[in-house]
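There are 2 protein chains.
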Amino acid sequence: MKVFLATAGGFCFGVKRAINMAYETAESVSKDVYTLGPLIHNPQVVKELEASGVKMIDRIEASKGHPLIIRSHGITLDEMTKVKDAKVNCIDATCPFVKKAQDYVKKLSDDGYGVLILGEKNHPEVKGLMSYARGDVIVISSPGDIDEAGIKKRIGVVAQTTQTIENLQKIIKKLIPLVSELRVYNTICNTTNVRQKESVELARRVDCMIVVGGYNSANTNRLAKMCKKILKKTYHIEIPDEIDPEWLKGAETVGVTAGASTPPYIIEKVVKRIENLGSGL
Amino acid sequence: MKVFLATAGGFCFGVKRAINMAYETAESVSKDVYTLGPLIHNPQVVKELEASGVKMIDRIEASKGHPLIIRSHGITLDEMTKVKDAKVNCIDATCPFVKKAQDYVKKLSDDGYGVLILGEKNHPEVKGLMSYARGDVIVISSPGDIDEAGIKKRIGVVAQTTQTIENLQKIIKKLIPLVSELRVYNTICNTTNVRQKESVELARRVDCMIVVGGYNSANTNRLAKMCKKILKKTYHIEIPDEIDPEWLKGAETVGVTAGASTPPYIIEKVVKRIENLGSGL
Numbered sequence: 001m002k003v004f005l006a007t008a009g010g011f012c013f014g015v016k017r018a019i020n021m022a023y024e025t026a027e028s029v030s031k032d033v034y035t036l037g038p039l040i041h042n043p044q045v046v047k048e049l050e051a052s053g054v055k056m057i058d059r060i061e062a063s064k065g066h067p068l069i070i071r072s073h074g075i076t077l078d079e080m081t082k083v084k085d086a087k088v089n090c091i092d093a094t095c096p097f098v099k100k101a102q103d104y105v106k107k108l109s110d111d112g113y114g115v116l117i118l119g120e121k122n123h124p125e126v127k128g129l130m131s132y133a134r135g136d137v138i139v140i141s142s143p144g145d146i147d148e149a150g151i152k153k154r155i156g157v158v159a160q161t162t163q164t165i166e167n168l169q170k171i172i173k174k175l176i177p178l179v180s181e182l183r184v185y186n187t188i189c190n191t192t193n194v195r196q197k198e199s200v201e202l203a204r205r206v207d208c209m210i211v212v213g214g215y216n217s218a219n220t221n222r223l224a225k226m227c228k229k230i231l232k233k234t235y236h237i238e239i240p241d242e243i244d245p246e247w248l249k250g251a252e253t254v255g256v257t258a259g260a261s262t263p264p265y266i267i268e269k270v271v272k273r274i275e276n277l278g279s280g281l
Numbered sequence: 282m283k284v285f286l287a288t289a290g291g292f293c294f295g296v297k298r299a300i301n302m303a304y305e306t307a308e309s310v311s312k313d314v315y316t317l318g319p320l321i322h323n324p325q326v327v328k329e330l331e332a333s334g335v336k337m338i339d340r341i342e343a344s345k346g347h348p349l350i351i352r353s354h355g356i357t358l359d360e361m362t363k364v365k366d367a368k369v370n371c372i373d374a375t376c377p378f379v380k381k382a383q384d385y386v387k388k389l390s391d392d393g394y395g396v397l398i399l400g401e402k403n404h405p406e407v408k409g410l411m412s413y414a415r416g417d418v419i420v421i422s423s424p425g426d427i428d429e430a431g432i433k434k435r436i437g438v439v440a441q442t443t444q445t446i447e448n449l450q451k452i453i454k455k456l457i458p459l460v461s462e463l464r465v466y467n468t469i470c471n472t473t474n475v476r477q478k479e480s481v482e483l484a485r486r487v488d489c490m491i492v493v494g495g496y497n498s499a500n501t502n503r504l505a506k507m508c509k510k511i512l513k514k515t516y517h518i519e520i521p522d523e524i525d526p527e528w529l530k531g532a533e534t535v536g537v538t539a540g541a542s543t544p545p546y547i548i549e550k551v552v553k554r555i556e557n558l559g560s561g562l
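Going line by line, the protein sequences match chains A and B. Letter by letter, the first sequence follows residues 1 to 281 in my numbering. Letter by letter, the second sequence follows residues 282 to 562 in my numbering.
Just chain A, same shape as in the assembly (with noise of 0.2 Å):
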């Protein structure tokens, strides 16, 4: 049996500078830090960091005193006030890349665009870009979502950094009958599409698909479906033991790819496990 792994696959620019910034904190200081939700959505990489002492609140007043890191996702402008309000030690690793995308939020707004975030509501980065806007703001995460009736005649468009370019192209193609004018910021991050783009190639070319990531993580679940399109036997896990001996029965051809926040070395082991199950088999 043969792995192929892509090499796109795994941590992120924003993921690695975030768990950095965390671990460099919690060394820097003689106590916990603490991380306003997950820090990045890998379960495993969140329990390591707890037993570094880099520990998950859900409220800022809880941070008093101690070191409080942002997560990659960002916050929302409301939480980002309090925190400023409350004058705790800010470390601020919201993603560089999220945060161009709230300032355009918060550009498109002042400048009275209806803003139209292509993404999903409940997602902490999306809901952190919603609250850029000031007034009329609107989420959808594909083209059916959208109401022709509410859309504004000047629309400006921004996606959350893990969507897919062509859920993109669906939207502003659904969006240009319908307004005067339309402002796109193309804010879906490059490593994204190219780790789309090389995992469903892969999915292409093999028997069997594992994409490894957090379940939380949306990046990892948008790229398990991607991958399911192309091939049915395409599995989401999030550590290798998981792996069910049963899908490889009969793979010549295993491809592994995995989410913006899966760490080296659980890539790793998940590569060393399905080889050590091919050649049992």
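Treat the hints as calculated values from the structure; they're not laboratory data. Mixed in with the good hints, there may be bad ones.
Stated by the list, open to error - Straight-line C-alpha distance at most 30 Å; calculated BS3-like pairs for lysine-lysine:
{"id": "1", "chain 1": "A", "residue 1": "Lys87", "chain 2": "A", "residue 2": "Lys99"}
{"id": "2", "chain 1": "A", "residue 1": "Lys127", "chain 2": "A", "residue 2": "Lys197"}
{"id": "3", "chain 1": "B", "residue 1": "Lys454", "chain 2": "B", "residue 2": "Lys478"}
{"id": "4", "chain 1": "A", "residue 1": "Lys153", "chain 2": "B", "residue 2": "Lys368"}
{"id": "5", "chain 1": "A", "residue 1": "Lys153", "chain 2": "B", "residue 2": "Lys553"}
{"id": "6", "chain 1": "B", "residue 1": "Lys363", "chain 2": "A", "residue 2": "Lys153"}
{"id": "7", "chain 1": "A", "residue 1": "Lys2", "chain 2": "A", "residue 2": "Lys174"}
{"id": "8", "chain 1": "B", "residue 1": "Lys408", "chain 2": "B", "residue 2": "Lys363"}
{"id": "9", "chain 1": "A", "residue 1": "Lys2", "chain 2": "A", "residue 2": "Lys106"}
{"id": "10", "chain 1": "B", "residue 1": "Lys380", "chain 2": "A", "residue 2": "Lys153"}
{"id": "11", "chain 1": "B", "residue 1": "Lys451", "chain 2": "A", "residue 2": "Lys174"}
{"id": "12", "chain 1": "B", "residue 1": "Lys368", "chain 2": "A", "residue 2": "Lys152"}
{"id": "13", "chain 1": "B", "residue 1": "Lys510", "chain 2": "A", "residue 2": "Lys100"}
{"id": "14", "chain 1": "B", "residue 1": "Lys363", "chain 2": "A", "residue 2": "Lys170"}
{"id": "15", "chain 1": "B", "residue 1": "Lys451", "chain 2": "B", "residue 2": "Lys434"}
{"id": "16", "chain 1": "B", "residue 1": "Lys387", "chain 2": "B", "residue 2": "Lys368"}
{"id": "17", "chain 1": "A", "residue 1": "Lys100", "chain 2": "B", "residue 2": "Lys387"}
{"id": "18", "chain 1": "B", "residue 1": "Lys433", "chain 2": "B", "residue 2": "Lys408"}
{"id": "19", "chain 1": "B", "residue 1": "Lys387", "chain 2": "A", "residue 2": "Lys174"}
{"id": "20", "chain 1": "A", "residue 1": "Lys100", "chain 2": "A", "residue 2": "Lys87"}
{"id": "21", "chain 1": "A", "residue 1": "Lys173", "chain 2": "B", "residue 2": "Lys510"}
{"id": "22", "chain 1": "B", "residue 1": "Lys510", "chain 2": "A", "residue 2": "Lys229"}
{"id": "23", "chain 1": "A", "residue 1": "Lys153", "chain 2": "B", "residue 2": "Lys388"}
{"id": "24", "chain 1": "A", "residue 1": "Lys16", "chain 2": "A", "residue 2": "Lys173"}
{"id": "25", "chain 1": "A", "residue 1": "Lys106", "chain 2": "A", "residue 2": "Lys47"}
{"id": "26", "chain 1": "B", "residue 1": "Lys434", "chain 2": "B", "residue 2": "Lys506"}
{"id": "27", "chain 1": "B", "residue 1": "Lys506", "chain 2": "A", "residue 2": "Lys106"}
Just so we're clear, the structure is a prediction, and the values are computed from it rather than from any experiment.
Based on these hints, arrange chain B on the given structure of chain A.
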């Protein structure tokens, strides 16, 4: 034989306005008035205008001492400057929708965007639009014309007012992955849109389709092309006499539509001739 007439065919707002302005000017002065190039793209109307003292010239200098009417498609910024410098009595009949598109090109250019115009390079409207961009300006007429290497990161798009929404959608789809910011002014005139849609739907329902309008009219040519895609038996004519009775043989239903610069009386004569030929066949 039944004849169906597209209600959205014929004179559009901008054309009607330009013709009225020309006749009113001719009536109010006791000498010839001039237009720089044909006022609209319909040879029959231009000929009638000429009989009423509205004559076509090619050079601004030739208008000395006579009112000069600016054609509905607009002129270039350079020409406009020359007109102003020449201190001629200028009546600007540029379609307000074209004027708006010119303003958008200028604004995009001033704001540092690369300007992409969707239209026909040699059409006077497009030549006018192009002239309002200071630096980078690209004209394309289909997605295949896009040279990826020449696309700036921040692109603004303006369309010739008579383009199709479908073409604009295709262009934008291709641009999205190439840029970080995209600004689209949907400058396609709604009349164009409605006319194209109605004509295409009509072409679907009838046995033969007649498209009436100047051979030099971009929007009529486009209309004919769109209908021909649906119905092979589509014919572009300028005047009723051009209808070949052979075209109508076996047709139970005939659709008639007309470009934006086709006068009502020609459309009426076309319908009448089809009915006469139909009853005689």
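Checked hints:
Of the supplied pair hints, the one linking A/Lys87 and A/Lys99 holds, its CA atoms being roughly 21 Å apart against a limit of 30 Å. Restraint check for A/Lys127 and A/Lys197: satisfied, since their Cα atoms lie roughly 27 Å apart, inside the 30 Å limit. The suggested pairing of B/Lys454 with B/Lys478 holds, with an alpha-carbon distance near 21 Å, which does not exceed 30 Å. A distance of roughly 39 Å separates the Cα atoms of A/Lys153 and B/Lys368; the hinted pair therefore is violated under the 30 Å criterion.
Between A/Lys153 and B/Lys553 the alpha-carbon distance is near 42 Å, which puts this suggested pair outside the 30 Å criterion. Restraint check for B/Lys363 and A/Lys153: the C-alpha separation of about 36 Å exceeds 30 Å, so the hint is violated. A hinted pair counts as satisfied when its Cα atoms are at most 30 Å apart, and A/Lys2 with A/Lys174 does not qualify at roughly 43 Å. Only pairs whose Cα atoms come within 30 Å are accepted, and B/Lys408 paired with B/Lys363 is accepted, the gap being roughly 16 Å.
A threshold of 30 Å between alpha carbons decides the hint, and for A/Lys2 with A/Lys106 the separation of about 48 Å lies outside it, so the pair is violated. At most 30 Å may separate the alpha-carbon atoms for a hinted pair to count; B/Lys380 and A/Lys153 meet this at roughly 19 Å. Using a Cα cut-off of 30 Å, the hinted pair B/Lys451 and A/Lys174 holds, with the two alpha carbons roughly 11 Å apart. With a CA separation close to 42 Å, the supplied pair B/Lys368 and A/Lys152 exceeds the 30 Å bound.
Among the hinted pairs, B/Lys510 with A/Lys100 is inconsistent with the structure: their alpha-carbon atoms are about 45 Å apart, more than 30 Å. Distance hint between B/Lys363 and A/Lys170 is unfulfilled; the C-alpha atoms sit about 45 Å from each other, more than 30 Å. Distance hint between B/Lys451 and B/Lys434 is fulfilled; the C-alpha atoms sit about 18 Å from each other, no more than 30 Å. Distance check on the hinted pair: B/Lys387 and B/Lys368 sit about 24 Å apart at the alpha-carbon level, within 30 Å; holds.
With a CA separation close to 27 Å, the supplied pair A/Lys100 and B/Lys387 stays within the 30 Å bound. Between the alpha carbons of B/Lys433 and B/Lys408 the distance comes to roughly 21 Å, so the proposed pair stays at or under 30 Å and holds. Distance check on the hinted pair: B/Lys387 and A/Lys174 sit about 27 Å apart at the alpha-carbon level, within 30 Å; holds. Taking the CA atoms of A/Lys100 and A/Lys87, the gap is near 24 Å; set against the 30 Å cutoff, the hint holds.
In summary, the hint linking A/Lys173 to B/Lys510 is supported, as the alpha carbons are separated by about 22 Å, within the 30 Å threshold. In summary, the hint linking B/Lys510 to A/Lys229 is not supported, as the alpha carbons are separated by about 33 Å, beyond the 30 Å threshold. For the hint linking A/Lys153 to B/Lys388, the alpha-carbon distance of about 18 Å falls within 30 Å, and the restraint holds. Between A/Lys16 and A/Lys173 the CA atoms are separated by roughly 35 Å; this puts the pair beyond 30 Å, and the hint is violated.
Of the supplied pair hints, the one linking A/Lys106 and A/Lys47 is violated, its CA atoms being roughly 34 Å apart against a limit of 30 Å. Proposed proximity of B/Lys434 and B/Lys506 is contradicted: the alpha carbons are some 34 Å apart, above 30 Å. Taking the CA atoms of B/Lys506 and A/Lys106, the gap is about 44 Å. The hint is violated against a cut of 30 Å.
When the structure is compared with the earlier hints, violations turn up for hints 4, 5, 6, 7, 9, 12, 13, 14, 22, 24, 25, 26 and 27 and for no others.
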